[in-house]
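J.: This is what each chain is made of:
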Amino acid sequence: MKEVATNYVPQNWYLLLSTFLFCVGIMGVLFRRNAIIIMMCIELMLNSVNLLLVAFSAYSGNSDGQVFVFFIMVVAAAEVAVGLALLVSIYRNVASTDINVLNKLKW
Amino acid sequence: MTDQILRDSLLITPGMLIPLFPLIGFLINGLFGKYLSKSITGWIASISVLLSFICTFYIFINLPSTGALHIDLFNWISYSTLNISFGFLIDPLTLVMLLVITGVGFLIHLYSIGYMHGDEGFTRFFTHLNLFIFFMMLLVMGSNYLVMFIGWEGVGLCSYLLIGFWFKNDAYNDAAKKAFIMNRIGDLGFLLGMFFMLFNFGSLDYAVVAQKALLLPVGSSILVSITLLLFVGATGKSAQIPLYTWLPDAMAGPTPVSALIHAATMVTAGIYMIVRSNVIYALAPFTLEIVAIVGVATCLFAAIIGLMQNDIKKVLAYSTVSQLGLMFAALGLGAFSSGMFHLVTHAFFKALLFLGSGSVIHALHGEQDIRKMGGLRKYIKVTYITFFIGAIAISGIPPFAGFFSKDEILAKAFEHSKVIWAILSISSMMTAFYMFRLVYLTFFNDFRGTEETKKHIHESSSLMTIPLIVLAGLSIIGGFIGLPSVFGFTHQFQMYLSSVTDASKELMKENIELNHSMEYILIATAVIAAIASILYARFKYFTKKEQPSEDIALVGFEKAVYNKFYVDEMYDTVIVKPLKVLSDLFLVLVDKLIIDLLVNAVAWVVGLSGRMLRLVQSGNTGFYVFAMVFGIIVLFVIRLLI
Numbered sequence: 005m006k007e008v009a010t011n012y013v014p015q016n017w018y019l020l021l022s023t024f025l026f027c028v029g030i031m032g033v034l035f036r037r038n039a040i041i042i043m044m045c046i047e048l049m050l051n052s053v054n055l056l057l058v059a060f061s062a063y064s065g066n067s068d069g070q071v072f073v074f075f076i077m078v079v080a081a082a083e084v085a086v087g088l089a090l091l092v093s094i095y096r097n098v099a100s101t102d103i104n105v106l107n108k109l110k111w
Numbered sequence: 003m004t005d006q007i008l009r010d011s012l013l014i015t016p017g018m019l020i021p022l023f024p025l026i027g028f029l030i031n032g033l034f035g036k037y038l039s040k041s042i043t044g045w046i047a048s049i050s051v052l053l054s055f056i057c058t059f060y061i062f063i064n065l066p067s068t069g070a071l072h073i074d075l076f077n078w079i080s081y082s083t084l085n086i087s088f089g090f091l092i093d094p095l096t097l098v099m100l101l102v103i104t105g106v107g108f109l110i111h112l113y114s115i116g117y118m119h120g121d122e123g124f125t126r127f128f129t130h131l132n133l134f135i136f137f138m139m140l141l142v143m144g145s146n147y148l149v150m151f152i153g154w155e156g157v158g159l160c161s162y163l164l165i166g167f168w169f170k171n172d173a174y175n176d177a178a179k180k181a182f183i184m185n186r187i188g189d190l191g192f193l194l195g196m197f198f199m200l201f202n203f204g205s206l207d208y209a210v211v212a213q214k215a216l217l218l219p220v221g222s223s224i225l226v227s228i229t230l231l232l233f234v235g236a237t238g239k240s241a242q243i244p245l246y247t248w249l250p251d252a253m254a255g256p257t258p259v260s261a262l263i264h265a266a267t268m269v270t271a272g273i274y275m276i277v278r279s280n281v282i283y284a285l286a287p288f289t290l291e292i293v294a295i296v297g298v299a300t301c302l303f304a305a306i307i308g309l310m311q312n313d314i315k316k317v318l319a320y321s322t323v324s325q326l327g328l329m330f331a332a333l334g335l336g337a338f339s340s341g342m343f344h345l346v347t348h349a350f351f352k353a354l355l356f357l358g359s360g361s362v363i364h365a366l367h368g369e370q371d372i373r374k375m376g377g378l379r380k381y382i383k384v385t386y387i388t389f390f391i392g393a394i395a396i397s398g399i400p401p402f403a404g405f406f407s408k409d410e411i412l413a414k415a416f417e418h419s420k421v422i423w424a425i426l427s428i429s430s431m432m433t434a435f436y437m438f439r440l441v442y443l444t445f446f447n448d449f450r451g452t453e454e455t456k457k458h459i460h461e462s463s464s465l466m467t468i469p470l471i472v473l474a475g476l477s478i479i480g481g482f483i484g485l486p487s488v489f490g491f492t493h494q495f496q497m498y499l500s501s502v503t504d505a506s507k508e509l510m511k512e513n514i515e516l517n518h519s520m521e522y523i524l525i526a527t528a529v530i531a532a533i534a535s536i537l538y539a540r541f542k543y544f545t546k547k548e549q550p551s552e553d554i555a556l557v558g559f560e561k562a563v564y565n566k567f568y569v570d571e572m573y574d575t576v577i578v579k580p581l582k583v584l585s586d587l588f589l590v591l592v593d594k595l596i597i598d599l600l601v602n603a604v605a606w607v608v609g610l611s612g613r614m615l616r617l618v619q620s621g622n623t624g625f626y627v628f629a630m631v632f633g634i635i636v637l638f639v640i641r642l643l644i
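Going down the list, the protein sequences come from chains A and B.
In terms of my numbering, the first sequence opens at residue 5 and continues consecutively.
In terms of my numbering, the second sequence opens at residue 3 and continues consecutively.
Please note that a few of the clues may not be correct.
A few chain A residues that face chain B, going by a derived Cβ cut-off under 10 Å, partial list only [to be verified]:
#1 VAL33
#2 LEU34
#3 ARG37
#4 ALA39
#5 ILE40
#6 ILE42
#7 TYR63
#8 VAL92
#9 ARG96
#10 ILE103
#11 ASN104
#12 LEU106
#13 ASN107
#14 LYS110
Capping the alpha-carbon separation at 20 Å, the derived lysine to any residue pairs in SDA-like fashion look like this [to be verified]:
#15 A/LYS110 to B/VAL618
#16 B/LYS180 to B/VAL569
#17 A/LYS108 to B/TYR626
#18 B/LYS582 to B/MET572
#19 A/LYS110 to B/TYR626
Residues of chain A clear of chain B, computed beta-carbon distances all greater than 12 Å [to be verified]:
#20 ILE30
#21 PHE60
#22 VAL73
#23 ALA82
Think of the hints as simulated: they come from the structure by calculation, not from any bench.
For every residue, glycine included, the Cβ atom is placed at its ideal position computed from N, Cα and C.
Bound-form chain A, shown alone:
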């Protein structure tokens, strides 16, 4: 499996794919107003980084990067748990998940 991944798929492709995914994530965070989608996009960015880490790890034959991935997954899970809980409570208050509704905190 390792040989297939490293022999037949060049490293650049992983780079391009993860950059693409990351950009999709950023665009989503920037231009969508639905908080759930923003969170999904954040997940997308995190996972694009994960992909990159795994790819580098496999190519360099060093498993450190894969360990990092596990950490990121754990943190991401925790983040989603907190984020969704916040979203539920926001929805209960304003009956919407539109982030532009929540603009009370300002000067």
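Since the structure of chain A is provided, determine the placement of chain B on it from the hints.
T.: Relative to chain A, chain B alone:
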């Protein structure tokens, strides 16, 4: 050698206890005074001083006059080659001072219990008094100039606290501030002197400084500047021209304070300091000349002012300034032990006179104007007799204490310069005159106050009279510690101090011994002059029953004298007022125009940027995210470009 080590080790504990007792007394009264009954606090303070006196006396008996006890408590400041230890040095000179401080101090504490009875600040008074004794001990016991300086500043602080003891009176507070500021001017000199010393000798230790000073040529500019600066400190603390004006005002404090601090002990700190540094002073003849000139001038000047004062305490205050001047004159002539001798006898009789005046004031319920006294000898006998003894002692009538010490100084003055001798003699005559003017106006003829006061005149309690009697005894016999050699005695006091003053005596080298007949003539002249002055005072104020004229009736020279030669007013115009104008100028120009402007500008800029930046915080989450991403991109771009 081993004997000496053993002896010293036995003396170290009492040596360390000496300053500890008043400190403990101060802490007990200061921290727990309000939980203790009033009389107990007074006794705690008095007994702590008595215990110190006992320790001092123990050392005094066991330490030979050639010995010196070094107690190093800890290394205080240590920096490269600089080493200043916090330690005590107990030698004959220190012991003499300590005996005076604790002995006279104890009597005055005792007296204060009676005098301050019923005052609402009773506990506070004794707290400050104990603190004063503690600092005074640091001053005389310190083994280097820095420890002395701690005591020097500490007694200044206590003096300030006690002059302004009745702080509800604004005039008293002003007097306290005046004393403090005047002393501060002097202290600056002392401080600079210490810096010079450190810079040139690398040490503040008495012995080291004296040793290194001996390596320099006589009269070198370094020594002259050090000694002059130290002397500036002495003029502040010991009330000499030009910094003497605070002492008469310091009479605002309770009378025991005037007796203890402003007559017997603190004001003699300058004398002590110069005697302690006698080697470097002996090496700077120019400074000694200045010391002598200032001393003689102060002696005469204060005596003249004393002639016209009508406040019983002011007369004594000017007398103190004058006597201190006499001591400085002695020091300036190189007669260090004579100066110390007069310091001791002066402590006895001046404390007695002040306490006696306190007793008079006490009897008259706070009246201090001698024009409203008179005839008091019938009512307050003990006070009268003791005061009379004090007055004789200060006038220099044999065999009372003042005669021996004053005569010694006069003889020394005659050896050096006839002019100094003449001025000092005239001052002594004036002293005799104004002291007996005081005596006759206060105790003789008829009472001049109101009938109401007359009814209430009463002798003070025995707590107050016993110290008076003891001090009167000391004023009578105190002079015998220094019987002059002209009568075939050995001068005990001079012998005792010789280990301290011998070094400088060799340097001075100009000991022209007067022949005996000359000395007899001098003594006879001095005594006759004093008796003549007393008789003149008797004739004027007893036989002719003259009274000091009212303030407005004075004209010409008398008016100027009565108003203390307008020195205070002069200082006010020459120094205080220009300073105030300058301060106002700086207030407007520098403070308001420049500093305030700068500070306000900074505040305005911060406020403005805050007002503008807060607009960024719009509450729009999308914008925040956009800003974040934009920021990251900018950082990336910068990273790539650089």
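J.: Taking the hints in turn, state whether each one holds.
T.: Going down the list of hints, with the structure as the test:
1. VAL33: holds (6 Å)
2. LEU34: Because about 6 Å separates A/LEU34 from the closest Cβ in chain B, which is inside the 10 Å limit, the hint holds.
3. ARG37: Given a least distance of 7 Å, the restraint on A/ARG37 holds.
4. ALA39: holds (9 Å)
5. ILE40: violated (14 Å)
6. ILE42: Since chain B brings a Cβ to about 8 Å from A/ILE42, closer than 10 Å, the hint holds.
7. TYR63: violated (24 Å)
8. VAL92: Violated - the Cβ of A/VAL92 stays beyond 10 Å from chain B, reaching only about 17 Å at its closest.
9. ARG96: For A/ARG96, the interface hint is violated, since the closest Cβ of chain B sits about 18 Å away, which is over 10 Å.
10. ILE103: For A/ILE103, the interface hint holds, since the closest Cβ of chain B sits about 4 Å away, which is under 10 Å.
11. ASN104: holds (7 Å)
12. LEU106: holds (6 Å)
13. ASN107: Given a least distance of 4 Å, the restraint on A/ASN107 holds.
14. LYS110: Nearest chain B Cβ about 3 Å off; hint holds.
15. A/LYS110 to B/VAL618: holds (9 Å)
16. B/LYS180 to B/VAL569: Roughly 14 Å between the alpha carbons, so the hint for B/LYS180 and B/VAL569 holds.
17. A/LYS108 to B/TYR626: Holds, because 14 Å separates the two Cα atoms, which is no more than 20 Å.
18. B/LYS582 to B/MET572: Distance ~15 Å between B/LYS582 and B/MET572 Cα, so the pair holds.
19. A/LYS110 to B/TYR626: Holds, at roughly 12 Å.
20. ILE30: A/ILE30 is in fact no farther than 12 Å from some Cβ atom of chain B, at 6 Å.
21. PHE60: Answer for A/PHE60: holds, closest chain B Cβ roughly 19 Å.
22. VAL73: holds (22 Å)
23. ALA82: holds (21 Å)
Checked against the numbered hints given earlier, the structure breaks hints 5, 7, 8, 9 and 20 and satisfies all the rest.
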